[in-house]
Structures are given as C-alpha cells and as structure tokens.
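Asks: Protein sequence lines correspond, in order, to chains A and B.
For the first sequence, the working numbering gives the first residue as 7, with consecutive numbering after it.
For the second sequence, the working numbering gives the first residue as 37, with consecutive numbering after it.
Among the clues, some could well be false.
[As the list claims (entries may be wrong)] Result set (DSBU-like, lysine-lysine): computed pairs, CA atoms no more than 35 Å apart in a straight line: (1) B:K43 - A:K8; (2) A:K48 - B:K101; (3) B:K43 - A:K48.
[What the hints assert, rightly or not] Partial selection, computed: residues in chain B whose CB lies under 8 Å from chain A: (4) Q77; (5) F111; (6) S135.
In case anyone wonders, no lab produced these hints; they're calculated from the structure.
Using N, Cα and C, we set each Cβ at its ideal position, and we do this for glycine too.
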Amino acid sequence: RKEVEQDPGPFNVPEGATVAFNCTYSNSASQSFFWYRQDCRKEPKLLMSVYSSGNEDGRFTAQLNRASQYISLLIRDSKLSDSATYLCVVNPDSGYSTLTFGKGTMLLVSP
Amino acid sequence: SAVISQKPSRDICQRGTSLTIQCQVDSQVTMMFWYRQQPGQSLTLIATANQGSEATYESGFVIDKFPISRPNLTFSTLTVSNMSPEDSSIYLCSVEGPSGEQYFGPGTRLTVT
Numbered sequence: 007r008k009e010v011e012q013d014p015g016p017f018n019v020p021e022g023a024t025v026a027f028n029c030t031y032s033n034s035a036s037q038s039f040f041w042y043r044q045d046c047r048k049e050p051k052l053l054m055s056v057y058s059s060g061n062e063d064g065r066f067t068a069q070l071n072r073a074s075q076y077i078s079l080l081i082r083d084s085k086l087s088d089s090a091t092y093l094c095v096v097n098p099d100s101g102y103s104t105l106t107f108g109k110g111t112m113l114l115v116s117p
Numbered sequence: 037s038a039v040i041s042q043k044p045s046r047d048i049c050q051r052g053t054s055l056t057i058q059c060q061v062d063s064q065v066t067m068m069f070w071y072r073q074q075p076g077q078s079l080t081l082i083a084t085a086n087q088g089s090e091a092t093y094e095s096g097f098v099i100d101k102f103p104i105s106r107p108n109l110t111f112s113t114l115t116v117s118n119m120s121p122e123d124s125s126i127y128l129c130s131v132e133g134p135s136g137e138q139y140f141g142p143g144t145r146l147t148v149t
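When you get a sec, could you build the whole thing from the sequences and use the hints?
Replies: Listed below in structure tokens is the structure:
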C-alpha cells in the first residue's frame with residue numbers, strides 16, 4: 007500500500023460546483039496533515055493544515071478521520087482560479103520533519 | 037512564511053557534467069530540505085540539510101551523486117553530479133514552518149541532454 011494515496015484525476019467541474027478530494031495514508035502514527043496546491047510549472051504552496059476537529063478557510067474545508075486514516079478537502083463554489091493540482095501531504099513521524107506527498111489530484115474548472 | 041529563492045531557475049546541461057543549485061532564505065532556519073519532482077510525479081525528498089552537520093539522505097539518494105552544502109542558516113546548495121537524462125527534473129528546496137508545514141522555493145528546472 008502506498009504511503010499517501012489520492013483520488014486519480016483529473017476532475018473536470020463547471021464554475022460554481024462543489025468538489026471533494028479524498029486521501030488515505032498508511033502510517034497510523036502520522037501526526038500532521040496538509041493540503042498543498044500546485045499550479046502548472048510552479049512550486050507547491052500550502053493551502054491549509056488539517057486538524058482533527060476539521061477546519062474551514064473560506065470556500066475550503068478540510069477534514070481528518072484518524073480511525074479510517076482518511077483526509078478530505080472540499081471546495082465550494084469553484085472558481086476558474088481553483089484549477090490546479092491538489093497534493094495531500096502527511097508527516098509520518100512526529101519526531102522528524104520529513105513530509106510524504108501524494109501524487110496529487112488535478113482539478114480543472116471550466117466556465 | 038519565509039521568502040525562498042533558487043538559482044538557476046532553469047538550465048540545460050550535457051550528460052556527464054554537474055550543476056550546482058543554490059537556495060537562499062530570507063531568515064535563519066535550522067533545517068532545509070531538497071526535493072526532486074520528475075515529470076508527472078509528486079515530490080520525492082532527496083535529503084535534509086542541517087547547518088553544521090552532514091546532510092541526511094533518503095533511500096535511493098547518495099552523497100556522491102547529490103552532494104549538499106549548508107554553510108550557514110540561510111543558504112544551501114545541491115549539486116547534481118555526473119548528470120544523465122534521468123536526472124532531468126525539477127529540484128526544489130524547502131524550509132520548515134512553525135507547525136511542521138514546509139515552504140518551497142520556486143524550483144530549478146533541469147534538462148539533461
């Protein structure tokens with residue numbers, strides 16, 4: 007089983023749609039979780055951290071289910087500018103700073 | 037978050053040569069990280085660089101191929117040695133934030149012919 011697995015893409019949605027990305031991780035001891043966004047030919051940028059209680063930032067909602075080792079990202083009212091690849095990222099070891107990246111899910115929002 | 041710059045932004049190199057990539061941060065950081073992102077793939081950690089000590093390499097990466105320097109708390113270099121076309125990739129440096137997240141430089145796009 008891969009350490010971090012994401013939905014295969016691409017997701018093609020119209021403007022205004024709601025879209026959800028899912029991610030599973032294999033290491034039950036993982037402590038920190040993040041969603042990054044990567045635009046074409048650009049570096050990954052932190053979108054949001056994911057907390058056990060769930061967290062929301064505007065149109066974006068992230069949730070964590072530790073029992074199922076599952077992370078999700080919900081984007082409401084999609085904009086054209088949301089088109090990007092979304093990376094699920096996990097820190098598998100609280101005592102060490104390395105991150106494990108999923109392969110990413112591409113989102114294409116069309117007019 | 038820290039401001040990170042990388043040089044060069046891109047390069048085209050011949051096989052058998054070496055390229056040194058520089059990473060500069062606008063604040064002092066303990067740990068810096070070097071990643072590779074091959075076409076269509078996600079990021080793979082090459083090594084972690086602490087100032088004043090040898091870099092720690094991940095499985096599949098060795099110091100002879102990817103020597104790293106970390107002379108101070110704001111700067112690091114990664115050298116890609118004896119390059120082959122398989123080394124064509126984007127190389128990114130990053131630093132750690134206060135909650136375990138990482139912030140990335142803009143990357144160096146390397147093409148080996």
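Asks: Determine for every hint whether it applies to the structure shown.
Replies: Okay, the hints, checked on the actual structure:
no.	hint	verdict
1	B:K43 - A:K8	33 Å, holds
2	A:K48 - B:K101	25 Å, holds
3	B:K43 - A:K48	15 Å, holds
4	Q77	7 Å, holds
5	F111	18 Å, violated
6	S135	6 Å, holds
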